[in-house]
Amino acid sequence: MNLQSPLGRVRGLGSAKEGVHHWWSQRLTAVALVPLSLWFIYSLVVVTGADYATVVAWLSNPLQAVLMLIFVISLYYHAALGLQVVIEDYIKPEWQKIACLILVKFLALLAGLSSAIAVLKVYLGL
Amino acid sequence: MESVKRPLSPHLQIYKPQLTSILSITHRGTGVFLSLGALLLSCWLVGLASGEAAFNNLQEYTSAWYGKIILIAFVFSLYFHLANGIRHLFWDVGMGLEISTTYKSGYAVLIASIILTVATLFLGGAL
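Protein chains in written order, with the numbering used here: chain A, 104 to 229; chain B, 23 to 149.
Just so you know, the hints here were simulated from the structure itself, not pulled from any lab data.
Just so you know, even glycine gets a beta-carbon here, dropped at the ideal spot from N, CA and C.
Certain hints may be false.
Under 7 Å between C-beta atoms, here's a sample of chain B residues computed to sit facing chain A [claimed, not checked]: (1) T42; (2) A60; (3) V68.
So here's chain A without its partners, still in its complex pose:
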């Protein structure tokens, strides 16, 4: 016996619309962000108030550059997934909900990639 509604069958979606992928990605990035956030706050303490040359020297270190890249990518992935849930819960008319979801995905990609390129530019000394 098939318990799916005809529409659900046509769209190929279950009740969660995408299985556990969203949930799992959110937890995976959360676990990665635990040590990365602590490193980030430590860096914030080290770097705040420092002049341009000091900050450039800091980010030219391969370890700091790689950690910053992983941090920024995990951060935007995690933020996009989290904001998606908040939008799905609170934004009511369907078209506004979809518009917000698209905006968040686009912004996360734009800001994430810009940050990654900025880190690489400083690291490579371009």
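Take the given structure of chain A and dock chain B to it, following the hints.
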């Protein structure tokens, strides 16, 4: 036809606020707030990559009093979201779901985020 008056589930405003519900919505709030912080971090990184003039320009804002207040709010939000996120990860593996334990871990999250924020401000010379 007259519409049937079915009972609605209780509305938010008649619930007594509890530690668990307050922390739950604060987790969401700090999450949204930290997303804005991510954008600020991106601006800072792009400014750094753009050269000394742009970087100094940004530094002027972050070292101003309002910049410091915003930065401190971000540090506290990050610690709170981090600590409460770890609490959530324990729940995800089925640990600490008893009501008494959720209250203990809730207080632990609050105390830890306050202590860590103060310690960070102290180490960073109030940033």
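Do the hints match the structure? See the list:
The interface hint given for T42(B) is violated, since its Cβ lies 18 Å from the closest Cβ of chain A, which is over the 7 Å cut-off. Among the interface hints, the one on A60(B) holds; its C-beta lies about 5 Å from the nearest C-beta in chain A, closer than the 7 Å criterion. At a threshold of 7 Å, the smallest CB-CB gap from V68(B) to chain A is about 5 Å, leaving the interface hint in force.
Checked against the numbered hints above, the structure breaks only hint 1 and satisfies the rest.
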